[in-house]
Amino acid sequence: AFQDVHVMIFVGFGFLMTFLKRYGFGAVGFNFLLAAFGIQWALLMQGWFHSFKSGKILIGVENLINADFCVGSVCIAFGAILGKTSPIQLLVMTLFQVTLFAVNEYILLNLLHVKDAGGSMTIHTFGAYFGLTVTRILYRPDLEQSKDKQGSVYHSDLFAMIGTLYLWMYWPSFNSAISDHGDAQHRAAINTYCSLAACVLTTMAFSSMLQKKGKLDMVHIQNATLAGGVAVGTSAEMMLTPYGSLIVGFICGIVSTVGYVYLTPFLESRLHIQDTCGIHNLHAMPGLIGGIVGAITAAAATEDVYGKEGFIKAFDFTGAYQTRTPSVQGGFQAAGIVVSMLMAFAGGALVGAILKLPVWGDAASENCFEDDIYWEVRRGE
Amino acid sequence: AFQDVHVMIFVGFGFLMTFLKRYGFGAVGFNFLLAAFGIQWALLMQGWFHSFKSGKILIGVENLINADFCVGSVCIAFGAILGKTSPIQLLVMTLFQVTLFAVNEYILLNLLHVKDAGGSMTIHTFGAYFGLTVTRILYRPDLEQSKDKQGSVYHSDLFAMIGTLYLWMYWPSFNSAISDHGDAQHRAAINTYCSLAACVLTTMAFSSMLQKKGKLDMVHIQNATLAGGVAVGTSAEMMLTPYGSLIVGFICGIVSTVGYVYLTPFLESRLHIQDTCGIHNLHAMPGLIGGIVGAITAAAATEDVYGKEGFIKAFDFTGAYQTRTPSVQGGFQAAGIVVSMLMAFAGGALVGAILKLPVWGDAASENCFEDDIYWEVRRGE
Amino acid sequence: AFQDVHVMIFVGFGFLMTFLKRYGFGAVGFNFLLAAFGIQWALLMQGWFHSFKSGKILIGVENLINADFCVGSVCIAFGAILGKTSPIQLLVMTLFQVTLFAVNEYILLNLLHVKDAGGSMTIHTFGAYFGLTVTRILYRPDLEQSKDKQGSVYHSDLFAMIGTLYLWMYWPSFNSAISDHGDAQHRAAINTYCSLAACVLTTMAFSSMLQKKGKLDMVHIQNATLAGGVAVGTSAEMMLTPYGSLIVGFICGIVSTVGYVYLTPFLESRLHIQDTCGIHNLHAMPGLIGGIVGAITAAAATEDVYGKEGFIKAFDFTGAYQTRTPSVQGGFQAAGIVVSMLMAFAGGALVGAILKLPVWGDAASENCFEDDIYWEVRRGE
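Residue numbers (the working numbering), protein chains in the order written: chain A, 1 to 381; chain B, 1001 to 1381; chain C, 2001 to 2381.
By construction, these hints were calculated from the structure, which means they are not laboratory data.
Some hints here could point you the wrong way.
Which residues of chain A face chain C? A few of them, derived with a C-beta cut under 7 Å, are [stated by the list, open to error]:
(1) His6
(2) Phe10
(3) Gly24
(4) Gly29
(5) Gln40
(6) Ile59
(7) Lys147
(8) Gly151
(9) Val153
(10) His155
(11) Phe159
(12) Phe250
(13) Trp375
Backbone N, C-alpha and C define an ideal beta-carbon position, used for all residues, glycine too.
Bound conformation, chain A alone:
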């Protein structure tokens, strides 16, 4: 399972972002850079906070998975600012975001005692709103100077499909990686699987329906097909049931595709949020849906469905939380969503302000989405 998550972070996110015609090196290369840096920083952070014993840091496979999760939220935020920032800015953002991620995760999992195995709230909602806030603050009014480079070409779309397929296939492992072995892990994988499969169908249908001539748009297929995995991140290990997962997947495919067609242009023109990869549609909205579905599923839990022992185990109603009821748990889950969003807005505003300082060597607007600034590029055949 650890290797599966690893593939998602490096190949999945890396290639998903290669769709830009002249920014393939930046997408794969900078994703590689920030992921490698983020993992080390996350391991150190975890080590200092959680497993610091007699001057030594103890590292196990579960630490590596947690570090990958943490980096996942950075990769998501990277999607919003893709093509507009320098590698130094990305490293600075990674440094701060990993730290804030750890704080947010601590509040949710330890203080609020929220369940979020697949990270709908901690990874997706937090990562996406963080990235969107950063890109809002870094708003470039003159970005249409590089509008011609902001599209894809035939081969770049195929490279991006490599990323999509790997994310899609390994998402069940992602959502079940840190669940308890046995029932919960099994459940998480199968629920995710059903949601993703349903999501592909509605994405295809709506992508075709919303276009003038009924043609499919590769951007939707690359992204919206994954929304179903995001949206069951919290609830996958709970008793969502396959039917419930299919419904969540169906809805998310629609929401995400509609978002790409109508919401992204609106965000850019009205709210000045320039969201290169459309993470609002793939991570922010489905992440919110995931948090809400998780809260509802938790509130609706009964001992009948889970069995007495399974019920206590599923929500860790032990020790100080022995007396917590499902409906209270649902309330805390909802609180988790709010906390994640507030942390994302505050953190994003802080980091955005830092990145706006004129010392980081970011590219001029006419050079955005262009590898030539940071890479030795050999073109032509």
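Following the hints, position chains B and C against chain A.
Just chains B and C, lined up with the frame of chain A:
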């Protein structure tokens, strides 16, 4: 093992078909669509038939693997009609083929008590002859209007090699996924591995020998190298021995490469079977060989080689089948081949007739093998 | 773990070498050919030497992993002569190198009782110096005739990044594949992981610093980022500690990047070593470093750190080796480096001389790095 099979279906088959210069989106995208749809439909079908208990469907990992297998046969049939059908037609075909696959599998495994762990008969022979029958009925006499689009370009061949390598690497997992844990699974993986390795060598040698100037043809390398895996699908978990596997692999590399050079043009000009990916060479013939090798290996089984317990376990000679002898089992295996082919011809004829109805919006012949009809395509650099 | 190593050999090495603009088919295709051939030959060799019982060869999964390792060293040597040899030459080289690999491995592991789980010495040092010796003997003074084909284009660099990422991600599995289950395996994976992550950072930093305009060079990112994995091959399963791994990774990223910028041109102009992929920087130097680090780590081992039992187990100080001390073990490790290099030079000289015979149909210098000689190529859109 489940994830391995999953990678084969989505990345392996998806990218294997991207070799066409202007149909890469269709290959990956429609494969993604029909696989996601087929998996859901297969899960429901299995649920209704096999694991329906008190109004609920029970889903486990073995169901997911079976659904993947089922979808594998649809992907094979897709190879024959690639570039000539609309997405709606593909969904209709998937709907029917998944159903027929389940019926055929039921007849073979439950009624005839045939062993077919890697699906030489149920997946490859059935899927390939099904697809070939469909493409025969959908014959387009004026297809040479799009002849210029039916080839590959340099980069599309490299994308296809991604598919080939993933299929090649994970084929041992495919053939051993549903074998009994322990000896049989081990045996299946190693036999498949040997057969595939041998197949690569003869494919390379014959690809070079059959060409005028001794040059290698990428089409052969992409496809015929996999024939060895198809051909040990039935017998891999039996005592085929590594030497036996090497011989099967050697032969299949030759048969498949010769098929691409001589048989595919013959099928198109004389029998009016337009087989885009050459599935006759990769799946139909090696599948038949696999069925026959399986029948012979089963008929030749003795207690000396398997051990008394291993023998009974290998062929499930328990309960009603307690008195079945190896030679009788060999006969039933042979009957399984015939049944699979008959089901494929009948089913393919039915589905082909349905798809010939002028309501599905398939492309005109001059627009075949062209993404522009169904996709928003941004070309040029 | 076996599948992970398999992916590295076929996808990792295959695509890593597709960076040449007109030699993508050769890179993937010939790598596929020699890997499939080498695996069979390695299995037979192992079978005859180690597991020959009553006329039969016994094959298990560990044999397959060993065969993959053996082929790994052939793929490394292939990197030095990429684009300059015919497929027949590659098969001849594979035949000899697999044999010599087995002899060298036998001397190191059985006679010197050296530990080398990730193969810094047996795979990387041996494979790289073998390949460099061969390419020295096959020196082509007129190779600048095909200088224009020896570069990359945009898309070929992206294909190569697929190889890089797969090698990078699965390297922890590679280094831990044949370690004892449990502690040692765990340790090997985590140490490798840390070293690789650190290596990415220094590679990026130095790639930018050593270039005139501070631009990153894709060649460095594709290759030097992996040097950290090579350099902990021997010591990963020992008590290198995460901090130690980070330091090794940091150093190797620098050494390897500096090598690409300054050493490769020097080797070509002065020593007449034409090293297509720069294996001297990725495998030879990091392999040497890995051997030395391994010798030091072994010599520094104490019972305090490993625990009494762990200490004996880690170095197999049992039977005839019961009385060996850590410092003696360190000496033998150092001897292993020397033996590997001598074997590589002698073997490479022999094989190079054989390949220089004018009977193998290698391409003229103006046709090097060109698929057209050996493949049917369809270019243009």
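Taking the hints in turn, this is what the structure says about them:
no., hint, verdict
1, His6, "holds, 5 Å"
2, Phe10, "holds, 5 Å"
3, Gly24, "holds, 5 Å"
4, Gly29, "holds, 5 Å"
5, Gln40, "holds, 5 Å"
6, Ile59, "holds, 5 Å"
7, Lys147, "violated, 20 Å"
8, Gly151, "violated, 16 Å"
9, Val153, "violated, 10 Å"
10, His155, "holds, 6 Å"
11, Phe159, "holds, 6 Å"
12, Phe250, "violated, 33 Å"
13, Trp375, "holds, 5 Å"
The structure is inconsistent with the numbered hints 7, 8, 9 and 12, although it conforms to all the rest.
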